[in-house]
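Construct the complete structure from the given sequences, taking the supplied hints into account.
Numbered according to the working numbering, the sequence shown terminates at residue 530, and the numbering increases by one at each position without gaps.
The hints are simulated quantities; they were obtained by calculation from the structure and are not laboratory data. Treat the hints with care, as some may be off.
[Stated by the list, open to error] Below, simulated DSSO-like cross-link-like pairs (lysine-lysine); rule was C-alpha separation at most 27 Å, straight line:
{"id": "1", "residue 1": "156", "residue 2": "59"}
{"id": "2", "residue 1": "243", "residue 2": "156"}
{"id": "3", "residue 1": "406", "residue 2": "56"}
{"id": "4", "residue 1": "309", "residue 2": "243"}
{"id": "5", "residue 1": "71", "residue 2": "101"}
{"id": "6", "residue 1": "244", "residue 2": "101"}
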Amino acid sequence: MFIQLLFFVLSMLLTVCFFLYGFNHYYLLYASRKYKKPPLSDSFTDRPKVSVHLPVYNESYVIRRLITACAAMAEVYGKDKVDIKILDDSNDETIQEVDEIIREFQQKNFNIEVLRRKNRAGFKAGALQIALEKTDAEYTAIFDADFIPPSDFLIQTIPYFIQDDTVAVVQSRWTHLNRDYSKLTKAIAVGIDVHFMVEQTGRYASNCLQNFNGTGGVIRKKAIVEAGGWQSDTLAEDLDISYRMQTLGYRVVFLRDLLSPAEIPPTVPSYKKQQARWACGSLRVAKKLLAGLMRNKGLNFKQHLQTFIHLTGYMLHPLMLASFLLICITSIMDVNTVTLQSVNATLELDGAERIISLLGGSILTIAIILCSIAPWISMMVALKSQNLSIRQNLISMIFAFFLGFGICASNSIEAGKALLTNRVWEFTRTPKYADIHNDGDRKKSKYQVSLDFSWLLELILICLGLICIIISIRNKNYFSLIMLCAYTMAFSFVFIFSLIQTRKGKTS
Numbered sequence: 023m024f025i026q027l028l029f030f031v032l033s034m035l036l037t038v039c040f041f042l043y044g045f046n047h048y049y050l051l052y053a054s055r056k057y058k059k060p061p062l063s064d065s066f067t068d069r070p071k072v073s074v075h076l077p078v079y080n081e082s083y084v085i086r087r088l089i090t091a092c093a094a095m096a097e098v099y100g101k102d103k104v105d106i107k108i109l110d111d112s113n114d115e116t117i118q119e120v121d122e123i124i125r126e127f128q129q130k131n132f133n134i135e136v137l138r139r140k141n142r143a144g145f146k147a148g149a150l151q152i153a154l155e156k157t158d159a160e161y162t163a164i165f166d167a168d169f170i171p172p173s174d175f176l177i178q179t180i181p182y183f184i185q186d187d188t189v190a191v192v193q194s195r196w197t198h199l200n201r202d203y204s205k206l207t208k209a210i211a212v213g214i215d216v217h218f219m220v221e222q223t224g225r226y227a228s229n230c231l232q233n234f235n236g237t238g239g240v241i242r243k244k245a246i247v248e249a250g251g252w253q254s255d256t257l258a259e260d261l262d263i264s265y266r267m268q269t270l271g272y273r274v275v276f277l278r279d280l281l282s283p284a285e286i287p288p289t290v291p292s293y294k295k296q297q298a299r300w301a302c303g304s305l306r307v308a309k310k311l312l313a314g315l316m317r318n319k320g321l322n323f324k325q326h327l328q329t330f331i332h333l334t335g336y337m338l339h340p341l342m343l344a345s346f347l348l349i350c351i352t353s354i355m356d357v358n359t360v361t362l363q364s365v366n367a368t369l370e371l372d373g374a375e376r377i378i379s380l381l382g383g384s385i386l387t388i389a390i391i392l393c394s395i396a397p398w399i400s401m402m403v404a405l406k407s408q409n410l411s412i413r414q415n416l417i418s419m420i421f422a423f424f425l426g427f428g429i430c431a432s433n434s435i436e437a438g439k440a441l442l443t444n445r446v447w448e449f450t451r452t453p454k455y456a457d458i459h460n461d462g463d464r465k466k467s468k469y470q471v472s473l474d475f476s477w478l479l480e481l482i483l484i485c486l487g488l489i490c491i492i493i494s495i496r497n498k499n500y501f502s503l504i505m506l507c508a509y510t511m512a513f514s515f516v517f518i519f520s521l522i523q524t525r526k527g528k529t530s
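Shown next as structure tokens:
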């Protein structure tokens, strides 16, 4: 009786956690429908100085494309009003390429320079802080190496700062240069679309705290300085500075219809690296700032709740892993925690108590189903909002499902790093290939990601899942069987693609 009740309680605790994050999808879906483009009251005549910061590290495939796009942007805004700073931490031929490109554009009278350091201290945040200290412009536009900002980007963003002194950030929406590269990139694109079309749009429309996404946006220098500057203790310097600025009374403007095209990681290993950095970084920010934000009396309940869910969002992956392990344990021990029927029998409930218990179980089952389908609804809404066919992207959504479940193992490791250690982990770059149409030889790329040790955990989980599937079939525990199959297939999906798409050697 005790063991069964214990596992039932643990199952309910996990369900409550999933309920919180699952039903938040519905809230943000509802809120996102209220989004309206922020109005501009005055015509744009004044053009203050803007400094464009381009943090790069070994980006030989995309660096020319990036600088060329930023030069076009500067030309539209006004060459005399824009300076471009390449924050180059590279240690490969990117150095020579940057120098050559800079000479070309300097000859065309662009205000462009490169900043280099002796080491990568503070990684991206460290480079941005040094550039900030060397900047006299009021505003800083930031783009990662794989972005191609539209030529009118500054024309579209700077007026919001001029109109409202409380605006600290104007953030654009990421779009995808290589969405159609493969089924994998289509799946990753759907996931990113959900973030921008549902989550970020919903938080903005409901007046909740926002985040600068690290690239594809403009920031007010004064706000950064007042918030304490770029800090490198979290690996998510963008999320960190966003919340620190907003606690000072600044706000973030999100322009859903201003598009910033960028590359999606084209392989599972590179996607895992990106997600690992985001998971570790965001939970580091939660560890650093969440307690203070929860005590902030300037925020209402809705803002507190959305802040908590936003900063702890990557805790879903440890919760998913815990759920899988709980299903495995109960399958091996042949303990039923899915319905209240076995608990009713154990506790010898009858009459009204049994009816209440069964009613509660029915409500719980409905809640679980609603939470389970929430991400699917979000994906469909994100696609429909962009006039993309849901039917044609069905495979992409299924791939996204397997990716989301499959990376819970590696991201749980990152969650442990973030919450259980104080070590400053290395900022691992996401490799970019400039291979938009799948017509390049990516396998020979010198930036190909090498295999990390998370494959071992994935292999262990696959073996455990297969054993428990056999046990569940034997015990006719079909609910557990469904969940075990889903998790095991997801772990296998990520594991197999990780092996196929990696090479031996040092990660660049």
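Here is what the structure says about each hint:
The suggested pairing of residue 156 with residue 59 is violated, with an alpha-carbon distance near 33 Å, which exceeds 27 Å. Taking the CA atoms of residue 243 and residue 156, the gap is about 11 Å. The hint holds against a cut of 27 Å. A threshold of 27 Å between alpha carbons decides the hint, and for residue 406 with residue 56 the separation of about 16 Å falls inside it, so the pair holds. For the hint pairing residue 309 with residue 243, the CA-to-CA distance comes to about 26 Å; that is within 27 Å, so the pair holds.
Restraint check for residue 71 and residue 101: satisfied, since their Cα atoms lie roughly 10 Å apart, inside the 27 Å limit. About 23 Å separates the Cα atoms of residue 244 and residue 101, which keeps this hinted pair within 27 Å; it holds.
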